[in-house]
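Chemist: The chain contents come next:
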Amino acid sequence: MLDILRRIVLWGGLALLCLLPMLAEALGEGFYITMMNRVLILALAAMSLNLILGYGGMVSFGHAAYLGIGAYTVGILAYHSDAWFGTESAFIALPAAMLVAAILALAIGAISLRTSGVYFIMITLAFAQMVYFFFVSQQEYGGMDGMQMWSRSDAGPIDLSDNASFYYVVLGLLLVLLYAKYRLVRSRFGLVLRGIRENERRMKALGFPTYRYKLVAFVISGAVAGLAGAMMANLSEFVSPSLLHWTRSGEMMVMVILGGMGTIAGPILGALAFLVLEDVLSEITQHWMIVLGPLLILIVLVARRGLYGLLDPKGEPK
Amino acid sequence: MTLLLFVEQVLNGLQLGVMLFLMAAGMTLVFGIMGLINLAHGSLYMIGAYVAATVQQATGSFLVGLLVALPVAALVGMAVEMIALRRLYPRDHLDQVLATFGLILFFNELVKIVWGPQAYFMAMPDMLSGSVDIIPGIPYPAYRLAIVATGLAVAILLYLLITRTRIGMLIRAGATNREMVNALGVNVDRLYTIVFGLGAALAALAGIMAGPILALEVGMGESILILTFVVVVIGGIGSVRGAFVAALLVGIADTFGRVLLPPAIAEMTIYILMAAILVWRPQGLFPAHA
Numbered sequence: 000m001l002d003i004l005r006r007i008v009l010w011g012g013l014a015l016l017c018l019l020p021m022l023a024e025a026l027g028e029g030f031y032i033t034m035m036n037r038v039l040i041l042a043l044a045a046m047s048l049n050l051i052l053g054y055g056g057m058v059s060f061g062h063a064a065y066l067g068i069g070a071y072t073v074g075i076l077a078y079h080s081d082a083w084f085g086t087e088s089a090f091i092a093l094p095a096a097m098l099v100a101a102i103l104a105l106a107i108g109a110i111s112l113r114t115s116g117v118y119f120i121m122i123t124l125a126f127a128q129m130v131y132f133f134f135v136s137q138q139e140y141g142g143m144d145g146m147q148m149w150s151r152s153d154a155g156p157i158d159l160s161d162n163a164s165f166y167y168v169v170l171g172l173l174l175v176l177l178y179a180k181y182r183l184v185r186s187r188f189g190l191v192l193r194g195i196r197e198n199e200r201r202m203k204a205l206g207f208p209t210y211r212y213k214l215v216a217f218v219i220s221g222a223v224a225g226l227a228g229a230m231m232a233n234l235s236e237f238v239s240p241s242l243l244h245w246t247r248s249g250e251m252m253v254m255v256i257l258g259g260m261g262t263i264a265g266p267i268l269g270a271l272a273f274l275v276l277e278d279v280l281s282e283i284t285q286h287w288m289i290v291l292g293p294l295l296i297l298i299v300l301v302a303r304r305g306l307y308g309l310l311d312p313k314g315e316p317k
Numbered sequence: 000m001t002l003l004l005f006v007e008q009v010l011n012g013l014q015l016g017v018m019l020f021l022m023a024a025g026m027t028l029v030f031g032i033m034g035l036i037n038l039a040h041g042s043l044y045m046i047g048a049y050v051a052a053t054v055q056q057a058t059g060s061f062l063v064g065l066l067v068a069l070p071v072a073a074l075v076g077m078a079v080e081m082i083a084l085r086r087l088y089p090r091d092h093l094d095q096v097l098a099t100f101g102l103i104l105f106f107n108e109l110v111k112i113v114w115g116p117q118a119y120f121m122a123m124p125d126m127l128s129g130s131v132d133i134i135p136g137i138p139y140p141a142y143r144l145a146i147v148a149t150g151l152a153v154a155i156l157l158y159l160l161i162t163r164t165r166i167g168m169l170i171r172a173g174a175t176n177r178e179m180v181n182a183l184g185v186n187v188d189r190l191y192t193i194v195f196g197l198g199a200a201l202a203a204l205a206g207i208m209a210g211p212i213l214a215l216e217v218g219m220g221e222s223i224l225i226l227t228f229v230v231v232v233i234g235g236i237g238s239v240r241g242a243f244v245a246a247l248l249v250g251i252a253d254t255f256g257r258v259l260l261p262p263a264i265a266e267m268t269i270y271i272l273m274a275a276i277l278v279w280r281p282q283g284l285f286p287a288h289a
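Residue numbers (numbering that gives the first Met the number 0), protein chains in the order written: chain A, 0 to 317; chain B, 0 to 289.
Hint data in this document are derived by calculation from the structure and do not stem from the laboratory. Keep in mind that the hints are not guaranteed to be accurate.
Examples of chain A residues toward chain B, derived with CB under 7 Å [to be verified]: (1) I110; (2) R113; (3) I289.
Just so it is clear, the structure is predicted and the values come from calculations on it, not from any experiment. We put the CB at the ideal spot given by N, CA and C, even for glycine.
Put together the whole structure using the sequences plus the hints.
Modeler: And the structure:
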């Protein structure tokens, strides 16, 4: 019964996602396209966090760093579009954002993964703060106030400045990466990663170089978060240190937990639920955080497996 | 760097250090004994400052504000512990981070509703508003000296409390083996609540003392919270002694970093310090459960 329900929700949801721009157009509610753009981009970010948090058991509290540096990479390349290295081309800026985020994740991961438990949580937070303060002090790039971009990246035949085309690009990226992640967590690599989550000492005893596996997962996760950041910068045509603020890292964790940790579709449900909740609550009261806070505590206390867990109550994390 | 500047910066560093110690002591105790990471520790710092500022405005006395705000913050802390946090002790760190993140959102919004979003300023107590010559000819604000003195006094009291009293003995025993303490007939739940209240009062004390120096605003707890994390991690989680050493270290490093280094690096000094120390000793300087 639930299995059927789950299928209906997942496939129905997917169909709805594909048709959304047309529906929104038909209803004359263009706002929903922008909102869903945000949802999908944050879903991408949450999905990247889920790889290390849900499958790898690494509680990274600094994921905003990769989101932010991805956004800044796009912003800075566009800012210098007159210089030899500047560009507004999406075909260069997006891979560059992923590369820079991957390098940052490699550096942070190489140090942080030497620690574990609470130390890991706090050191990833501290590194994210370093990146935050670094960009706050960059006066040339707007410092605390951030900087405006002239336009969205140029993606050749695809016109990113059109919200509907932008939406399909984000949706396409999300689905491709979702599939890639689906394959990844089922591959040998993914099995080792999940083994580490369950019992690192045992995996070590079996001869797996666990540190290296974790680091690779950490870097992949950082790169995808960088891509999400790049799309975020494009969506709002604005980058600022607020993308790097530590509460962002917290929000991403909330999305992962809300949707269902260690599940493929969970982070998307989580991002959607989080933004819808934000939208609905802020409509009722400007002090919506006062509801969200206790709600969050309640979710942690009673609904440990998230929204996806409601659809799949007895299932193993997939 | 002249001698004058040097002495001044050392004192500034100590002042930041003792504030961080007051925050870190509570956090590290709560972690060491209950195994709880409490992100909402900064909220108690904020509540302490706001309550003290309100009472001070009503009565005109800083001291009355201090004396009212400390028990209020302790009670708020104990109430939060009994309502929500108690259920999180057996959970993993991820759950604790998320739930206490929820608490931060709640408290920030609560303060915004009660006191409004604008920044508050707290008046300095008259008695301490002047300056004192630390070395003949070198004046230094008396209030900041008072902070250093208060912080050091609290550190000594805390040391005596933990090493010389019965409750301190229970705290240490609880940190080592809580099941055993429970089995010996100690009301562990009550012990935990008391420890939490103590940590809350210390955080509030830091917030109240910071009041006249910094502006009171929503979210003021978070900036110090993250510095406190750094201190707790450098000191070794669960170790009050480590928290003391690390707090002074971070206070001094941050202050001198701001004077000596270019701004882009200065903000990052302590995070670099933390990363370096963790590479060297992944469990911090004084691992509590070595």
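Chemist: Mind listing which of the numbered hints don't hold for this structure, in increasing order?
Modeler: The structure conflicts with no hint, since it agrees with every one listed earlier.
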